[in-house]
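> Each chain is listed here by its residues.
Protein chains: 10
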Amino acid sequence: MLFHVKMVVKLPHDMPVERANELKANEKAMAQRLQKEGIWRHLWRIAGLYANYSVFDVESPAQLNDLLMQLPLYPYMEIEVDAICRHPSSIHEDDR
Amino acid sequence: MLFHVKMVVKLPHDMPVERANELKANEKAMAQRLQKEGIWRHLWRIAGLYANYSVFDVESPAQLNDLLMQLPLYPYMEIEVDAICRHPSSIHEDDR
Amino acid sequence: MLFHVKMVVKLPHDMPVERANELKANEKAMAQRLQKEGIWRHLWRIAGLYANYSVFDVESPAQLNDLLMQLPLYPYMEIEVDAICRHPSSIHEDDR
Amino acid sequence: MLFHVKMVVKLPHDMPVERANELKANEKAMAQRLQKEGIWRHLWRIAGLYANYSVFDVESPAQLNDLLMQLPLYPYMEIEVDAICRHPSSIHEDDR
Amino acid sequence: MLFHVKMVVKLPHDMPVERANELKANEKAMAQRLQKEGIWRHLWRIAGLYANYSVFDVESPAQLNDLLMQLPLYPYMEIEVDAICRHPSSIHEDDR
Amino acid sequence: MLFHVKMVVKLPHDMPVERANELKANEKAMAQRLQKEGIWRHLWRIAGLYANYSVFDVESPAQLNDLLMQLPLYPYMEIEVDAICRHPSSIHEDDR
Amino acid sequence: MLFHVKMVVKLPHDMPVERANELKANEKAMAQRLQKEGIWRHLWRIAGLYANYSVFDVESPAQLNDLLMQLPLYPYMEIEVDAICRHPSSIHEDDR
Amino acid sequence: MLFHVKMVVKLPHDMPVERANELKANEKAMAQRLQKEGIWRHLWRIAGLYANYSVFDVESPAQLNDLLMQLPLYPYMEIEVDAICRHPSSIHEDDR
Amino acid sequence: MLFHVKMVVKLPHDMPVERANELKANEKAMAQRLQKEGIWRHLWRIAGLYANYSVFDVESPAQLNDLLMQLPLYPYMEIEVDAICRHPSSIHEDDR
Amino acid sequence: MLFHVKMVVKLPHDMPVERANELKANEKAMAQRLQKEGIWRHLWRIAGLYANYSVFDVESPAQLNDLLMQLPLYPYMEIEVDAICRHPSSIHEDDR
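Chains as they are written, first to last, in full-length UniProt numbering: chain A, 1 to 96; chain B, 1 to 96; chain C, 1 to 96; chain D, 1 to 96; chain E, 1 to 96; chain F, 1 to 96; chain G, 1 to 96; chain H, 1 to 96; chain I, 1 to 96; chain J, 1 to 96.
These are computed hints drawn from the structure, not numbers from a lab. Take the hints with a grain of salt, since some may be wrong.
[Said to hold, decoys possible] Here are the simulated EDC-like pairs of lysine to aspartate or glutamate, each with C-alpha atoms no more than 16 Å apart in a straight line:
| no. | chain 1 | residue 1 | chain 2 | residue 2 |
| --- | --- | --- | --- | --- |
| 1 | H | LYS10 | H | ASP57 |
| 2 | C | LYS36 | D | ASP66 |
| 3 | B | LYS6 | A | ASP14 |
| 4 | A | LYS6 | B | GLU80 |
| 5 | F | LYS10 | F | GLU93 |
| 6 | C | LYS36 | D | GLU93 |
| 7 | I | LYS10 | G | ASP14 |
| 8 | F | LYS10 | H | ASP14 |
| 9 | C | LYS10 | C | GLU78 |
| 10 | J | LYS36 | I | ASP95 |
| 11 | I | LYS6 | I | GLU78 |
| 12 | H | LYS10 | J | ASP14 |
| 13 | D | LYS10 | A | GLU78 |
| 14 | E | LYS6 | F | GLU80 |
| 15 | J | LYS10 | A | ASP14 |
| 16 | G | LYS6 | H | GLU80 |
| 17 | D | LYS10 | F | GLU93 |
| 18 | D | LYS36 | C | ASP95 |
| 19 | E | LYS36 | F | ASP95 |
| 20 | E | LYS10 | E | GLU37 |
| 21 | F | LYS10 | D | ASP95 |
| 22 | H | LYS36 | G | GLU93 |
| 23 | B | LYS6 | B | GLU59 |
| 24 | F | LYS36 | E | ASP95 |
| 25 | C | LYS10 | E | GLU78 |
| 26 | I | LYS36 | J | ASP95 |
| 27 | D | LYS36 | C | GLU93 |
| 28 | D | LYS6 | C | GLU80 |
| 29 | A | LYS36 | B | ASP95 |
| 30 | J | LYS36 | I | GLU93 |
| 31 | I | LYS10 | B | GLU93 |
| 32 | C | LYS10 | B | ASP14 |
| 33 | E | LYS36 | F | ASP14 |
| 34 | F | LYS36 | E | GLU93 |
| 35 | A | LYS36 | B | GLU93 |
| 36 | E | LYS10 | G | GLU78 |
| 37 | A | LYS10 | D | GLU93 |
| 38 | H | LYS36 | G | ASP95 |
Take these sequences, add in the hints, and give me the full structure.
Structural data, given as structure tokens:
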């Protein structure tokens, strides 16, 4: 099932650069692993903002919850979650 | 170039059913035509809401503007537009 | 899977009483049918407001979407949808 | 009497991990005790958010107030409280 | 138990004056009856606004719900409800 | 003249407990003195929130301003002030 | 005592021009009478908006309430009221 | 030309008292100088809030900008600026 | 002096097409006249919205007020006005 | 293609003055370089606010994203981005 997620990242100004870089590298690694597994299906930067629109394909809300909470940058994110489904005007039976 | 668009539809309560059906049919036809042309790349219903998240692939902001304003349901929509681009953590060179 | 839904009903002031009563009766009938089927698991009035908090148990976001949109009062509702799941501190394996 | 409570937890970024873990463990213990006593009747995680929807069954607003303020994570929560009651369309005389 | 209620009244501009006067007279009569019964304990106009702050003393959230919904002007009100209780710094055991 | 005041208290997480206790004790002492003087006429806790609804009876807006600003917890409060007056439907000539 | 009032006027689009002109003329007459009486002390248009910032000098919140509610355009206004008083940095003992 | 300015001051809780007093004294001195020069024409405390409504009479938006930014408390203010002008119902040709 | 103005147009759904077209034509004519006169210096459509960002170069806030209020579509606009001035980092002495 | 950007700068109160000055100097240098290159086409201070309205002329949303994120003050900005395009009432074929 699909979820549309908006993530806005706000790092504390006093976070050491090394710590920030480490978190970002870990975040990127996990994001890429989840993309390769077909779970994190879309990931777009919102132009000019430290933020993204994403589409997740999970087996349950619980799985989505567990994945998001494991993201290294999760404590620094403002997150909005919307369940999405096939639109009656879509030409795709299953647009993931 | 890609734009993420959120559309929320609010039809007036006193719109005759035939008029509403006509508008919806025209909207669906145009949405499907634009999908087939590769312009309206994603179209998801937000579960439980008369609303959608969409991704458009256009040549310019002006083209996006013209397309949206031609939608039959446009006068009844609340619209949010965000330019999006490749995310540095995306595994796709060009995720459309 | 569970969804938490908040519904706020706003009937137009110029709706004839008979029409309002008909809609409310149909809404009640459908709400009670879905409760008996185990889909609409909880339904609470927010004290003093023409509004409710509900919990739905559905097979997919698409089913939730279809059910909500069939509610007779749906065109007059403002709706908020949140996917919910087991809380790590819950004493229930499966609190529905 | 029933209250619907939304709790959003925001821990300070500079809280030591041990302190956070201690608070969470105490919070969980108290939450489970109140659930077993039949006071904290429902507790659902909002998928993807460090937040929950809860239903409390208390004898008075004062009791609700005292319980919430004793929660170990209370100083780090944003809380919304709504009194709820039987919905006229509910099939349950007393849905707790 | 006590509830703090804020009511903002918004009459439709096209409501006939006679209808508005009838509603207001009925509202006043019911408000005064509930005050005499000790249920509607305080009723203050917010200076300059067609709005009031009120304190209700009821036996349950359900009673509050039923009373508010019977108010003749209820369909034209925006309402906020908060359960209130004794403040630890109050000098009154039971400030109603 | 009467003012309705909503106070929401937000103590910094890093305030030492002794300092917080001292502030609260001083706040309580001043609140009780003003209640005994008939100035702070009502003081209700909003159930579940570190917040109160209050009614002040002062001689001028300037007096209200001076009193509120002397509250020991004032620097940690979010405050909303509304002048209130007799409601035309009140059964009391002078509801304080 | 002084009140700072913001008024935003929103006339219904279907109000006949003659009715609008009549209301505006009556509003202007009353506004000018109150200015001459020293009650409506300042009246500024917010540049570009159908709105004003005003300062009233009244004997009580009740008087302010009565005056505002008698304004011919009152039913079409959104109003914000703030009690104001001498600022400690003002060079005027009594800036009206 | 006139500008209506709302200033809300939020001092950091950890600012040393001496620093706060120094800033406030400097702010007061500058505010009084500008009042004497006829630039800061009105300055009212919003009763109960650490905030003011002010009216400035400047030669240009640039002058307003420069003056506000030189205020000692400027870094701790939330500011709203509105250009204002003569209201057509004002009895004053030039209400400053 | 320069003002930045955001205009969002919301035509009533029941406005006859001829009336809408007449208003739009008159609006366009006035907009183009003001542009040629050097007053309406910039006019950009916000892509996808029935809205624009504009920059006006006027002699006073009063002139801005008069011009905006004469716009044929003014009664159907939501407007935000901000005075702007030279930015200290601008490479232009006078960017109009 | 053009983007309208609003930037609001909020420096932490505890940033050392030298660090702030360094950031501002670097920001100014980069802003002036981008202006000279014809990319940052307009830059206006919002009068009285530590904020600006800007117009960027870029080749893609990705370029806008990269430029904004390289701004030295970027971590301290709240940013709003809107794609803009030619307005049908503009007298300019290409208003940059």
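> Against each hint, give a clear statement of whether it holds in the structure.
Consistency of the hints with the structure:
| no. | hint | verdict |
| --- | --- | --- |
| 1 | H/LYS10 with H/ASP57 | violated (25 Å) |
| 2 | C/LYS36 with D/ASP66 | violated (36 Å) |
| 3 | B/LYS6 with A/ASP14 | violated (35 Å) |
| 4 | A/LYS6 with B/GLU80 | holds (14 Å) |
| 5 | F/LYS10 with F/GLU93 | violated (37 Å) |
| 6 | C/LYS36 with D/GLU93 | holds (14 Å) |
| 7 | I/LYS10 with G/ASP14 | holds (14 Å) |
| 8 | F/LYS10 with H/ASP14 | holds (14 Å) |
| 9 | C/LYS10 with C/GLU78 | holds (8 Å) |
| 10 | J/LYS36 with I/ASP95 | holds (13 Å) |
| 11 | I/LYS6 with I/GLU78 | holds (8 Å) |
| 12 | H/LYS10 with J/ASP14 | holds (14 Å) |
| 13 | D/LYS10 with A/GLU78 | holds (11 Å) |
| 14 | E/LYS6 with F/GLU80 | holds (14 Å) |
| 15 | J/LYS10 with A/ASP14 | holds (14 Å) |
| 16 | G/LYS6 with H/GLU80 | holds (14 Å) |
| 17 | D/LYS10 with F/GLU93 | violated (47 Å) |
| 18 | D/LYS36 with C/ASP95 | holds (13 Å) |
| 19 | E/LYS36 with F/ASP95 | holds (13 Å) |
| 20 | E/LYS10 with E/GLU37 | violated (27 Å) |
| 21 | F/LYS10 with D/ASP95 | violated (35 Å) |
| 22 | H/LYS36 with G/GLU93 | holds (14 Å) |
| 23 | B/LYS6 with B/GLU59 | violated (19 Å) |
| 24 | F/LYS36 with E/ASP95 | holds (13 Å) |
| 25 | C/LYS10 with E/GLU78 | holds (11 Å) |
| 26 | I/LYS36 with J/ASP95 | holds (13 Å) |
| 27 | D/LYS36 with C/GLU93 | holds (14 Å) |
| 28 | D/LYS6 with C/GLU80 | holds (14 Å) |
| 29 | A/LYS36 with B/ASP95 | holds (13 Å) |
| 30 | J/LYS36 with I/GLU93 | holds (14 Å) |
| 31 | I/LYS10 with B/GLU93 | violated (40 Å) |
| 32 | C/LYS10 with B/ASP14 | holds (14 Å) |
| 33 | E/LYS36 with F/ASP14 | violated (49 Å) |
| 34 | F/LYS36 with E/GLU93 | holds (14 Å) |
| 35 | A/LYS36 with B/GLU93 | holds (14 Å) |
| 36 | E/LYS10 with G/GLU78 | holds (11 Å) |
| 37 | A/LYS10 with D/GLU93 | violated (47 Å) |
| 38 | H/LYS36 with G/ASP95 | holds (13 Å) |
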